[in-house]
Amino acid sequence: MKPFTQVEGRAYPFGRTNIDTDVIIPAEFLKTISREGLGEGAFKTVREEAGNVFDDPAYAGATVLIAGDNFGCGSSREHAAWALEDMGVRVVIAPSFSDIFSGNVFKNGILAAELPQEAIDRLIEVAADGLEITVDLENQVVTTPFQDRFEFPIDTFRKECLLAGRDEIGLTLESDAAIAAFEQKMTAQRGWMAPQAK
Amino acid sequence: MSEPRTLYEKIWDAHIVERRDDGTCIVFIDRHLVHEVTSPQAFEGLRVAGRTVRRPDLTLAVPDHNLPTTARRDAAGKRVPIADPMSAKQLEALEANAPAFGIRYIDDAAPEQGIVHVVGPEQGFTLPGCTLVCGDSHTAAHGALGALAFGIGTSEVEHVLATQTLLLKQSKTMEIRVDGTLGFGVSPKDVVLAIIGKIGAAGGTGHVIEYTGSTIAEMSIEGRLTVSNMSIEAGARAGLIAPDQKTFEYLKGRPLAPEGSDWSAALAWWKSLPSDEGAAYDTCVALDAADIAPNVTWGTSPEDVVPITGSVPDPESFDDQSKRAAAAKSLDYMGLAPGQRMEDVTVDNIFIGSCTNSRIEDLRAAAEVAKGRKIAEGIKQALVVPGSGLVKRQAEEEGLDRIFIEAGFEWREPGCSMCLGMNPDKVPPGQRCASTSNRNFVGRQGPGARTHLLSPAMAAAAAVTGKLTDIREMMG
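Just so you know, the sequences run in chain order P and H.
Our numbering numbers the first residue of the first sequence as 1 and each following residue consecutively.
Our numbering numbers the first residue of the second sequence as 199 and each following residue consecutively.
Calculated directly from the structure, the hints in this document are not laboratory data.
The beta carbon of each residue, even a glycine, is placed where N, CA and C say it ideally should be.
Keep in mind that the hints are not guaranteed to be accurate.
[Stated by the list, open to error] The following label-pair restraints were derived from C-beta to C-beta distances:
hint : chain 1 : residue 1 : chain 2 : residue 2 : range
1    : H       : E595      : P       : K185      : 41 to 51 Å
2    : H       : L465      : P       : T156      : 38 to 48 Å
3    : H       : P626      : P       : A60       : 47 to 57 Å
Throw the hints in and build the complete structure from the sequences for me.
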């Protein structure tokens with residue numbers, strides 16, 4: 001995973017609520033066995049609307065996406081995270097995210113930062129003018145050229161992993177002995193849990 | 199005496215391998231279901247890193263999302279080729295990856311094949327008190343049996359394959375209590391739609407929901423699966439229902455369930471799992487079964503629920519600005535006007551199926567309505583798609599297939615079908631579908647498709663009249 005420290009860039013002033021992962025990446029694009037190239041299908045139905053933010057040259061190359069409440073709800077498809085990554089988005093800022101989505105983006109080195117609706121409204125104003133927004137993970141703060149300063153919370157473990165670009169599987173495998181010990185204990189206590197082939 | 203604990207807390211505590219200082223835990227996973235859409239990149243990741251599957255014995259693979267619901271073998275027993283090369287490739291990848299990594303695989307034409315969330319309980323792969331994951335958000339369904347079950351992304355699929363664990367933080371708990379007797383024509387689907395309508399699509403975010411109360415206790419396992427399945431539509435990654443005598447009776451004798459002395463040992467543990475008297479939840483919500491009507495959705499979020507006797511709301515009636523904007527967009531997409539009566543909404547397509555409503559009781563409920571009736575002339579397509587080959591066989595033994603076919607429905611092979619537009623079953627652009635599935639999102643059933651979520655009996659009633667219909671009027 002790519003380490004995440006700080007991102008400075010233009011932002012898509014998207015703002016909509018309850019954006020589900022079917023909207024982020026429709027099912028027709030899930031028939032791939034690769035993680036690459038999903039940006040092409042990202043927000044397909046939104047991009048069919050005239051004047052949508054994703055095709056507006058004012059936001060070309062944006063690295064931040066500002067959205068509404070419950071962003072990434074619905075399907076567990078990690079293709080939504082891969083699509084955002086492929087379109088160059090490194091940070092999504094919203095009042096809330098679905099649990100599965102926030103985990104998925106995190107595992108792809110994308111920061112999901114939660115800020116209250118008032119902050120979102122202000123950031124949308126700034127972003128809509130094509131101005132750059134700065135997201136600093138170390139200090140957990142989003143700033144604008146107008147001295148706006150919004151602090152966001154983040155789980156310590158996730159912060160650590162993002163800053164270091166850490167591979168979670170590698171990390172867990174360091175606890176291999178503990179997993180093996182747990183398995184032994186389970187065989188003794190709940191041996192019936194292993195399904196029997198009949 | 200130890201603190202009273204909830205069902206969730208008991209399962210959580212029993213699966214912690216290691217707890218880090220920041221509260222993140224390595225949690226052991228007892229069961230992993232794998233399907234073709236969210237696994238190819240995970241298997242590829244294992245290959246690249248030179249890793250193996252730690253516990254193939256706890257893993258079960260079955261194709262469902264991409265499979266066409268038409269015949270999969272010809273008269274000579276040869277595989278019917280899949281027209282879409284991308285779908286075919288994804289299915290081939292699972293078929294190759296499962297044996298390569300030593301994972302049990304149910305193939306596309308096996309009698310046990312079906313939607314993962316129908317197959318798991320049916321095979322006894324899902325057990326009370328187990329932790330169960332799958333790269334699919336409707337994994338929440340398995341909580342109906344008292345399993346802590348939730349959807350995961352592909353990176354987590356790879357993590358579970360490699361380590362048989364996940365890195366998780368403990369969730370908050372929410373009790374949703376439903377008491378009382380459901381009225382005539384009111385089904386478990388209506389209960390869960392009422393819940394989502396009440397708490398909203400993000401109401402359960404960060405929580406594991408436990409469904410309690412007499413209405414849930416009275417419900418069959420199949421009904422409970424419908425309710426728990428849609429926990430994710432209320433934002434909760436998992437739903438749970440305490441295992442009881444019904445659960446045990448449902449599981450006994452299932453192919454992968456414990457037997458003999460193992461069964462007795464399992465039963466003893468399962469009986470200790472229900473939430474203790476006095477256990478506290480972070481949030482509690484209560485509903486009265488008597489207040490629940492047959493429900494339908496009007497918009498593009500599962501929280502957009504009204505009783506069938508209701509009308510399309512006016513976007514201006516919502517308190518906050520973002521909801522007003524979302525409602526206006528939804529109505530535009532759905533081709534509906536504020537104030538329009540739901541019972542006046544005509545439909546083009548009917549879909550009875552999906553991991554929410556494709557089990558035998560769902561098909562029986564729909565067949566009861568379809569029996570001796572014909573689908574309306576305006577209906578362009580009406581599909582009945584059993585959740586598994588075993589459900590299909592049982593339905594055929596009961597003659598339900600004949601009832602559906604005589605009424606004008608198509609009787610199909612098991613799979614995800616028209617729930618999500620990844621296989622040939624799609625709702626054409628601009629057309630409307632009365633669907634027993636779980637999501638009415640923009641484009642969910644195909645680009646431009648308009649979805650109304652409802653129960654199997656209500657879907658069958660809509661097929662007969664050609665519009666959304668109050669089942670109580672038709673059958674009462």
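Consistency of the hints with the structure:
no., hint, result
1, H/E595 <-> P/K185: 41 to 51 Å, "holds (44 Å)"
2, H/L465 <-> P/T156: 38 to 48 Å, "holds (41 Å)"
3, H/P626 <-> P/A60: 47 to 57 Å, "violated (34 Å)"
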